[in-house]
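Asker: Chain order of the listed sequences is A and B.
The first sequence begins at 181 in our numbering and counts up one residue at a time.
The second sequence begins at 968 in our numbering and counts up one residue at a time.
Quick caveat, the hints were computed from the structure, so don't treat them as lab data.
Incorrect hints may appear among the rest.
To be verified - To be clear about the criterion: a stretch of chain A counts as covered by chain B if any three or more of its residues have a C-beta under 8 Å from a C-beta of chain B, and this derived list gives those stretches:
id, region
1, 209-217
2, 221-229
3, 250-260
4, 293-304
Said to hold, decoys possible - Simulated restraints, written as ranges between beta carbons of each label pair:
id, chain 1, residue 1, chain 2, residue 2, range
5, B, Ala1169, A, Ala311, 56 to 64 Å
6, B, Ala1169, A, Ser312, 52 to 60 Å
7, B, Leu1011, A, Val266, 33 to 41 Å
8, A, Arg321, B, Thr1165, 27 to 35 Å
9, A, Arg208, B, Ala1169, 17 to 25 Å
Even for Gly, the Cβ is constructed at its ideal location relative to N, Cα and C.
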Amino acid sequence: MRYLTGSLLLAWLFTASVAAEQTGLVVRDAWVREAPPGASVLAGYLQLENRGPETLVFDALSSSDFGRIELHRTLVEEGVAKMQPVGQLEIAAGESVSLEPGGMHLMLFNPGRPLQAGDRVDFSIQLANGASHAFEATVRRGAADEAHQHHHHHHHEH
Amino acid sequence: MILATVLIVVLALGGGMMAARLLLKPAPDFSELSATVFQQPRALQSFELLDHHGAAFTNASLAGHWSFLFFGYTHCPDVCPTTLSVLNSVAARLTGTDDPVRFVFVTVDPERDTPEVLARYVTYFNGEFIGVTGERAAIDELTRQVGVMHMRVAGEADAASYLVDHTASVLLFNPDGRFQGLFSPPLDADTMAAEFLTIAGALR
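If we strip away everything but chain A, and leave its shape as in the complex, we get (with noise of 0.2 Å):
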């Protein structure tokens, strides 16, 4: 078990690294919201760091379990909720972005197959220096307070 977890660790880190080596781009966290049925959009959040020494320019994103993808910011002014499209998205060396619910977001429109938590999504993201950056994302069944839900487990327990 301890050997597994050893071996699954050092794959992580060698395919973090090989992915480093080839573009800067690290992903992490990547994962699905699973959505009520019927839905025609999903979201998507992930974690992006640019560990490379130049600055990191994302032309697009694609998946074949969606027809299209679009990169979008919620942002609440006065109380109102406004999705605004994140037109060109750049990482700067050394920097992080984090797409997380309430903020930046995936926007993955006609999803080619009913994805329910548990499925796994293959992405691919272009660059625009010609590379391109594949990753896999999880289905999950979000809550967005599931951080604060596992915090506070115990104390809701007593």
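Use these hints to put chain B onto chain A, whose structure you have.
Answerer: Chain B alone, transformed into the frame defined by chain A:
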């Protein structure tokens, strides 16, 4: 006879003290809360909408229990599922407490959100949640009364994939069906549940 007099005096004193307590009872202070609570809850003009079973949803549907209302639309990828998940957590935290509560999702996109669409959508988050739709004019009138904004924004791809900017706050209605206050984003289930109990307890 003496006993009766004493009784009357005691009752009168007691009654007087109770009346004084009621009269002198300070208005509850909610200024420490992150929620906005109105000193004067606002009555709604009569409205007639449809719930996700196709039954009438009117002012009477808000009476007899507290209600959390959230306005959104089912094609909303980020804010609405996030908020409904938070409300599901609030519902879990309020299970078994003294004040009965209901959770209502009112669509601001009735053209796409029929009762059937809403039924599948809201019950995904919680089987007790109520989805509400109706005539465009009735939705607009209700949202106008409670100050909920909503504005259609053209999608990038085609006319049918439009988005709707909308108020992200959760509105709280008291058991008289009056608009009592609101929770503004960022929403946190623990805070909302705790503050709701404070509000409901003070106004009981």
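Asker: Need the list of violated hint numbers for this structure, in ascending order.
Answerer: 4 and 9
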